[in-house]
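Engineer: Given the sequences, and given the hints that come with them, work out the whole structure.
Below, each chain spelled out in residue letters.
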Amino acid sequence: MTVTIDVPPSQPAEVVRPEGDPGGADTLAEALHTASGRYEEFSDETARIQWIGGWYGDAADAYREATAEAGEEHAAMARTVERVGRAVTAYADTLRDLLRTYEEQVDRKEALDARRSALIADINAATEATPDVVAALRERATELRDDYAELVTDHDDLQRRVREAEDLLRQSFQAGTSLDRALADDGGVPQSAQDALSRRGAPGSEATPEQVHDWWLGLSEAEREAVVSSYPELIGSADGLPASVRDDANRVVLDDDLATLGSKRDDGTLSPTEERVLANAEQARQALEDADAFEDPITGERPGGLLHLYDPGAFDGDGRVAIGVGDLDTADDVAIFTPGITTTMDDTTSYTGQMINLYEATRYNGDGSSVATLFWLGYDAPDAFYDPATATEGRAEDGGRRLADMVDGLRASRPDDPAHLTAIGHSYGSTTTSYAAGDFDLAADDVVLIGSPGAGPADHADDFSVGADNVYVGRDSRDIVAVLGDEGWVGKGPVGLGTDPSSDDFGATRFEAEDVDRADIRNWGDAHSSYLHHDSESLYNIGLIVDGHGDRVNVAEHSYDPWYDFARDPEWDREPSSGVQGESRTRENRMVP
Amino acid sequence: MRAVRERLVALVLALTTTGVLVTGCGDPKVSAEQGAQDTESSRAQVEEAMREVADVVAGVGLRLGKLTGGWSVCTAEPPSMEYDAGGGGEPGELSPAEMIAQVTDALKTAGWTVENAGTEPRPYGVLTRDDLRASVGESRRYPGHVTVGVVGPCIDTAREQDALLGETYDVS
Amino acid sequence: MSTFGAEYSGLSYGSGNWRVLAELMTSTSRDLAGQGTGALAPSVQAAAEAFLTAWSGYADESSTIAIGFADAIDAQAVDYSTTDEGSGNRFTDLDGRLGPAR
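Chains as they are written, first to last, in our numbering: chain A, 4 to 596; chain B, 49 to 220; chain C, 13 to 114.
The hints are simulated quantities; they were obtained by calculation from the structure and are not laboratory data.
These figures come from a predicted structure and were not determined experimentally.
We put the beta carbon where it would ideally sit given N, CA and C, even for glycine.
Errors might be hidden in some of the hints.
Between beta-carbon pairs, the in silico distance windows are [claimed, not checked]:
id, chain 1, residue 1, chain 2, residue 2, range
1, C, 48, A, 296, 26 to 34 Å
2, B, 79, C, 25, 36 to 44 Å
3, C, 55, A, 269, 30 to 38 Å
4, B, 158, A, 575, 29 to 37 Å
5, A, 141, C, 55, 39 to 47 Å
6, B, 146, A, 12, 54 to 62 Å
7, A, 302, C, 58, 40 to 48 Å
8, A, 401, B, 114, 47 to 55 Å
9, A, 507, B, 114, 47 to 55 Å
10, A, 59, B, 79, 49 to 57 Å
11, A, 470, B, 96, 45 to 53 Å
12, A, 12, C, 42, 49 to 57 Å
Structural biologist: So this is what it looks like as structure tokens:
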């Protein structure tokens, strides 16, 4: 009796490699960014030498008119070549992704072919075709056919994405080639991107985060690529879009800044303002490199860095930025950290390092859930204690509104898969976070205030959108800033920025947060800045809260203010620990097996 | 406006009396040169101690694999970092908890002071010597393995030292 | 036109700056022309080459524009100088004295 077992053919015949070289494309992009910088220099210089000292009369007037025209045209050309340069950067990034997918598919096909060969060998070797043997061989053949079919589908998808990426780049070049296009306001922007952006719900049209999210869902993959490469600044800051999309867009702008301003620095034509922007960009690059290289302490995998917001020229050069580690689109637990006064983009690398600490602590003591931590400098933090803005709380209020909006954006970007979200505010940032939760309905699950000079508008933890049971406070007894808030029936008058949230009247959960190397007196230094230091009580407890287990924190007694004396802090005399399991251990010792 | 001025004056007074304003809040405490010198020196100190610790624990049968080190952030403003180094290995015949206890004892004999040790929720030991802190525990990433590490004190840095973060050093 | 005037040093400074810009754009033109497109997929290369050729030409044109400004300023400076010198001679030749000294 002959039994037929239909072994599927090896498919696809060949996994086709996407053509092109991302590194070479990056080099071309850099050349275009340099050219953009040169056109910008031409335009800037034209404005500067339009007025030649001591020269006036008809000839001088005519000269000025001609130079003004040249300046405007060169500025427009700078923007066009910049847009095309960004399109090439985005293409290089996409090509990298596509090549990774290609490699995966090659591996998959090899594995399938090996299974196919083994199946054929087993069929040929089968001497007794019992029904069981035949059924088993047929089942293997069916599974193999299904797996080949899936690979063919994925391969078709890869080839489609390759074509779309190439089409988009070709259109970008074409949209910036003729002189008319070079001088146009939208030079270098392909029609598909313009069309996509003109649809309802597009960012920049005062659409809500939910509408922006819907707009994004309505775009084809090609249109998405087009808007990311053509309007990266807009996409990079659009609340409601997936974090991975914002990250792609912001990295395009960052690469552009580094290349364009870097070439201007080489030419010696960098203005003081541009110098600051370049310094901010370099901080962002360093921070991202650190975040990208970080390995999860439990799995050893790289969760990846994230550039969620990038606006290095904002707030008079202080910059706006949000950088983190982990996948904001899928993480079970998300933490957003808001810093306090004096923080600028100049501090990005250090704060990103603290976000890495927080990620590590959360995972090390966690329940296995995935985590993302984000440093958010999306508001204009006051420059110093003596900055009047520090005392007025206006920046905290404005920051609170922005923070609540940003969280709304995150919520809108994943409506069907909400994360457990913790908002952490440090120092003045705790007042900012208090405004978000007290006045602007912050859509967080938990709020953590550390080193807080006061809870802004909230007199009681109940005033927060998350409810009193979800408000946590960390205060090192030696932290000078954290004792500025009002406490007790007398209060401290105008010194602080609202109620001291660690006090018993406020009603939050206070957790242990003493620094093991604390000084004998209150101070600004380590006591105020060490809340996210590894192997500290504070980081241990914050990690538990971020992981969704605030009920497991090591609770500290509240401070209180007896009517007959100054405020008391029961933590003052407690001996703190470092590196103790269940108290202050937050990381794994290094190990290479 | 008057209330705002009062509040500002009070805040400045409160902070000036404690020296906060005088030093500046988030500015680096040291120059780039000083930061470079201090970080280099701390790294050398930790690495030397880690190699000594590796020898000590080898004496009780724990052979650590490759020793590596790296920097992490202590404080963002003003910037400071700490260097830690470590390694891990299999405890052989002993259970991880037994090996952790033996390593803790061996380090104590070698001049380290036990600051904390216990078994809940996981076995561990924390020891100090001068301004260094050593720790021993069971790996979560590689279950069944025992890891040992040494961390140095927080070192004040300048922005120029930011580049140290993310680097991994071979300590062997 | 009611008033006019010029300082030679200002004109010279302006002209010098335009020549620096001209050099910058010449170098940009060269850079763009020298860029390869081999790293891009073949379906994109023709469009990229057309773009680079066009923009290399635009940069050349920018350089020409800058030189044009520089030359015009220099010519203006020469004109002012020549006119001023000629006018000076005319005034030097004038004899404003009275009587036998004239």
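Engineer: If a hint holds in the structure, say so; if it does not, say that too.
Structural biologist: Here's how the hints hold up against the structure:
no. : hint                      : result
1   : C:48 / A:296: 26 to 34 Å  : holds (31 Å)
2   : B:79 / C:25: 36 to 44 Å   : holds (39 Å)
3   : C:55 / A:269: 30 to 38 Å  : holds (33 Å)
4   : B:158 / A:575: 29 to 37 Å : holds (35 Å)
5   : A:141 / C:55: 39 to 47 Å  : holds (43 Å)
6   : B:146 / A:12: 54 to 62 Å  : holds (58 Å)
7   : A:302 / C:58: 40 to 48 Å  : holds (46 Å)
8   : A:401 / B:114: 47 to 55 Å : holds (50 Å)
9   : A:507 / B:114: 47 to 55 Å : holds (51 Å)
10  : A:59 / B:79: 49 to 57 Å   : holds (50 Å)
11  : A:470 / B:96: 45 to 53 Å  : holds (52 Å)
12  : A:12 / C:42: 49 to 57 Å   : holds (54 Å)
In summary, the structure agrees with every hint in the numbered list given earlier.
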